[in-house]
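K.L.:
One-letter residues, chain by chain:
2 protein chains.
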Amino acid sequence: MSSSVLRYLTENRERLLNKLNEFLAIPSVSTDSSHKKDIVSAAQFLHAYLQDIGFDKVEILETGGHPLVFAEYNQAGKDAPTVLFYGHYDVQPVDPIDEWKSAPFQPDIRNGRLYARGASDDKGQVFMHLAVFEAFMKTEGKIPLNVKVCIEGEEEIGSEHLNAFLENNKGLFAADFAVISDSGMIGNNQPTILYGLKGFTGIEITVNGPDHDLHSGMYGGAIRNPLMALAHILASMKDKDELVTVEGFYDDVEPLAAEERKLIEAVEGEDYVASTGAPETVSEAGYTAKEHTMARPTLEINGMYGGYQGEGTKTIIPASATAKITCRLVPGQDPEKIQELLEAHVKKVAPSGVTVTVKKEKLSARAYKVEPNHPLIQKAAESYTKAFGRETVYIRMGGSIPVVESFEALYHIPIVLLGFGTPEDRLHSPNESFPLDSFDKGMETLAYYWETFKNE
Amino acid sequence: MSSSVLRYLTENRERLLNKLNEFLAIPSVSTDSSHKKDIVSAAQFLHAYLQDIGFDKVEILETGGHPLVFAEYNQAGKDAPTVLFYGHYDVQPVDPIDEWKSAPFQPDIRNGRLYARGASDDKGQVFMHLAVFEAFMKTEGKIPLNVKVCIEGEEEIGSEHLNAFLENNKGLFAADFAVISDSGMIGNNQPTILYGLKGFTGIEITVNGPDHDLHSGMYGGAIRNPLMALAHILASMKDKDELVTVEGFYDDVEPLAAEERKLIEAVEGEDYVASTGAPETVSEAGYTAKEHTMARPTLEINGMYGGYQGEGTKTIIPASATAKITCRLVPGQDPEKIQELLEAHVKKVAPSGVTVTVKKEKLSARAYKVEPNHPLIQKAAESYTKAFGRETVYIRMGGSIPVVESFEALYHIPIVLLGFGTPEDRLHSPNESFPLDSFDKGMETLAYYWETFKNE
Chain A
1 MSSSVLRYLT
11 ENRERLLNKL
21 NEFLAIPSVS
31 TDSSHKKDIV
41 SAAQFLHAYL
51 QDIGFDKVEI
61 LETGGHPLVF
71 AEYNQAGKDA
81 PTVLFYGHYD
91 VQPVDPIDEW
101 KSAPFQPDIR
111 NGRLYARGAS
121 DDKGQVFMHL
131 AVFEAFMKTE
141 GKIPLNVKVC
151 IEGEEEIGSE
161 HLNAFLENNK
171 GLFAADFAVI
181 SDSGMIGNNQ
191 PTILYGLKGF
201 TGIEITVNGP
211 DHDLHSGMYG
221 GAIRNPLMAL
231 AHILASMKDK
241 DELVTVEGFY
251 DDVEPLAAEE
261 RKLIEAVEGE
271 DYVASTGAPE
281 TVSEAGYTAK
291 EHTMARPTLE
301 INGMYGGYQG
311 EGTKTIIPAS
321 ATAKITCRLV
331 PGQDPEKIQE
341 LLEAHVKKVA
351 PSGVTVTVKK
361 EKLSARAYKV
371 EPNHPLIQKA
381 AESYTKAFGR
391 ETVYIRMGGS
401 IPVVESFEAL
411 YHIPIVLLGF
421 GTPEDRLHSP
431 NESFPLDSFD
441 KGMETLAYYW
451 ETFKNE
Chain B
1 MSSSVLRYLT
11 ENRERLLNKL
21 NEFLAIPSVS
31 TDSSHKKDIV
41 SAAQFLHAYL
51 QDIGFDKVEI
61 LETGGHPLVF
71 AEYNQAGKDA
81 PTVLFYGHYD
91 VQPVDPIDEW
101 KSAPFQPDIR
111 NGRLYARGAS
121 DDKGQVFMHL
131 AVFEAFMKTE
141 GKIPLNVKVC
151 IEGEEEIGSE
161 HLNAFLENNK
171 GLFAADFAVI
181 SDSGMIGNNQ
191 PTILYGLKGF
201 TGIEITVNGP
211 DHDLHSGMYG
221 GAIRNPLMAL
231 AHILASMKDK
241 DELVTVEGFY
251 DDVEPLAAEE
261 RKLIEAVEGE
271 DYVASTGAPE
281 TVSEAGYTAK
291 EHTMARPTLE
301 INGMYGGYQG
311 EGTKTIIPAS
321 ATAKITCRLV
331 PGQDPEKIQE
341 LLEAHVKKVA
351 PSGVTVTVKK
361 EKLSARAYKV
371 EPNHPLIQKA
381 AESYTKAFGR
391 ETVYIRMGGS
401 IPVVESFEAL
411 YHIPIVLLGF
421 GTPEDRLHSP
431 NESFPLDSFD
441 KGMETLAYYW
451 ETFKNE
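Order-wise, the sequence lines are chains A and B.
First residue of the first sequence: 1, per full-length UniProt numbering; consecutive thereafter.
First residue of the second sequence: 1, per full-length UniProt numbering; consecutive thereafter.
Don't take every hint at face value.
Note: identical chains are not told apart, hence a pair may lie in one copy or across any two.
EDC-like, lysine to aspartate or glutamate: derived pairs with alpha carbons at most 20 Å apart [what the hints assert, rightly or not]:
no., residue 1, residue 2
1, Lys348, Asp239
2, Lys57, Asp239
3, Lys57, Glu99
4, Lys37, Glu265
5, Lys441, Glu451
Don't read these hints as lab results, they were simulated from the structure.
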């Protein structure tokens, strides 16, 4: 009976929230090298917590990049199954900083939500798992199954060193199945199990023209403008029907089966206009917005810049222009091949009079899909439903979790994607937050789930 | 005889250069409101200098924007003609600051060039005129003609308040002709008289989508990306033949006459590839780069930004995207009409799913052309040739000097555009500089020119 576990979580709620706030207060931004020290602090926080809980073995492992926190609990005995819990302690950058209502690294509770960078993605959800392990140890003296913990610091920069590290330490992470909470529910209090994730890849395009900014009056008419050249290149990659016009982009895309379109149709989708404030939704011709986000590949410009951005006017032809592009991929698409296609397209359409460079981002991952009827997933769904009091739905999502692809490729084990975030969490944006309701019911869900592994 | 004047300029060269450096050291950036104090300091420097020279009346006049420095010298008597000298003491912003080899406001002499923001545009050339007036006063006790001085502080932001101020104070600036040194020579030591200037206008385009940055995985496929929308809008405004594709843009353009194409052909043009470092020149289909820059209208993107610009990757769909655009106009084109055409085009091509705003920049000017054979211009050409030892050429230029249009409209007087800059000056760019050779020969040219007004 996990009633004692649940009582422990309730009675210790305030202390646990304070401890989570300590974790959230560490600005562990992985993409910015100036935060290296904070990255290490976040890893040390987890190391200390896992030792307090009573894991048998806790280590901070060097990966060649940001360190990885590893822990092992094996007191459930040889017959008990072993779960590999994965999460990440690094967070996205916070800019534009002035749009935050409270400082991103000073956690603040407003209207039942905890506001902080990483509150939902992924520090908050990582902490919930550790808190539940603590509850089992403090109340029942043991956790119902053996546990391996793998919490990395490079998820937001594409888990650059994780894959090689897993390959070189395959035995260390061997388990019967994996559980990851780095995703969200399709709606508030709507238990949601992810059975599909998109893959991911990206490039950066740089257009160089003159070797210095030029007076637009004296040189306009003789020199190709890198900003206009970039606009032509970018506009040629996607049409107004949101179709990617890069040759070969859709070649390996697994078609969307009729049954699956029914399944997606059945899911009560997010009201994108309400949650984003955009004037209307747009999606790939022939597909609904739900289908496009869940099961069709996308190409997005994440950032673009060149020339004068200050107050007023500066009449120049700038020396260069840059755009950052990422694609979300579906089963069948190969990230490296997509990068090749993007580069070939850019080189093909690049106008004369400028030099165009394509940098292939290292981060990339294949898409992932699992069978929703697997017993381990069904158990999770039942625990989920029990805690939230609503039927669990099964969805695919546009987000990418590179480690899922790594686990799949290395261990061929079931991966349970058990996420407690909500559409209002504003992941990667100013004012990221996580509902305290999900914090409570999510921990309850995990307690029920581990409970099911007793006496097996 | 101006030999004494020339001797004075030679003997006082070092002192005059030091004084110019004081002027250049004032960061009078007009587009940035944080430099308001420096703007005033620059005006005060000129006020003090003009008083020292011995002008009869020197004033700093409030225009509603940055102040205007006015001075009057009338000791040449009623029969002598009056010249209106115009210049500006404001300068362009300095960014990207890290590309400057020496600090923009710490003048530095290297390889016979004076490096500083404003060295050529326009503080250096304004100072030359004042130094020559000083030389006449100190050696001959008088200047050969009556002089009115009008040095403004808003040229780099489109002389926003100057036109209204001139209209309201028409008598104050009334003169027989005007002289302006805010331009350059077509080549080093190549005496050049400008007989045509382009007009100018601009807009800023802002594309708004979601009300906050979105996770590109969770929302890619449902929400229009403002950066891609902006790329489509911009790409639709100019084709790869450098033809502006905005409907009506060329309607009022005065055709380029065969004789004028010959005249332009005769001018030894700038080696754009050598001076800009661009891979090659590009120009409007059917016109040479020289023709396009001198006598055909242009549209340039001066700046563009949106989304993530930092280190690494940030997988977002940004909330907004912005582009700054300016056009250079030729005789016949009306700046306000062009702004209307640009706005109509942007609204027409704007895709759904985003809100597009067009801000019309206040700064604008019509193009200008004058008869090269006017005696006042011929006198200037002869003085120019005498000082530099080479025949003077007559050209049109892509640059815009709004005040020329104002003087023309208000006074209908000949305007002598007597510029001493060179193609290597890097106006509006990092490492702006001005050759000391032009400093010396330019002042010599002015001395000869004023000399011709003696005993008239």
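K.L.:
Hint by hint, note whether the structure agrees.
P.N.:
Okay, the hints, checked on the actual structure:
1. In the homo-oligomer, the alpha carbons of Lys348 and Asp239 lie at most 20 Å apart both inside one protomer (17 Å) and across protomers (16 Å), since each shortest distance falls under that limit.
2. Neither within a single protomer nor between protomers do Lys57 and Asp239 lie at most 20 Å apart by alpha-carbon distance, with minima of 54 Å and 64 Å respectively.
3. Proximity of Lys57 to Glu99 under the C-alpha cut-off of 20 Å is found in neither arrangement, the shortest distances being 42 Å within a copy and 52 Å between copies.
4. For the identical chains of this complex, Lys37 and Glu265 are neighbours neither inside a copy (46 Å) nor across copies (63 Å), given an alpha-carbon limit of 20 Å.
5. In this assembly of identical chains, Lys441 and Glu451 lie within 20 Å of each other by CA distance solely inside one copy; the values are 15 Å within and 92 Å between copies.
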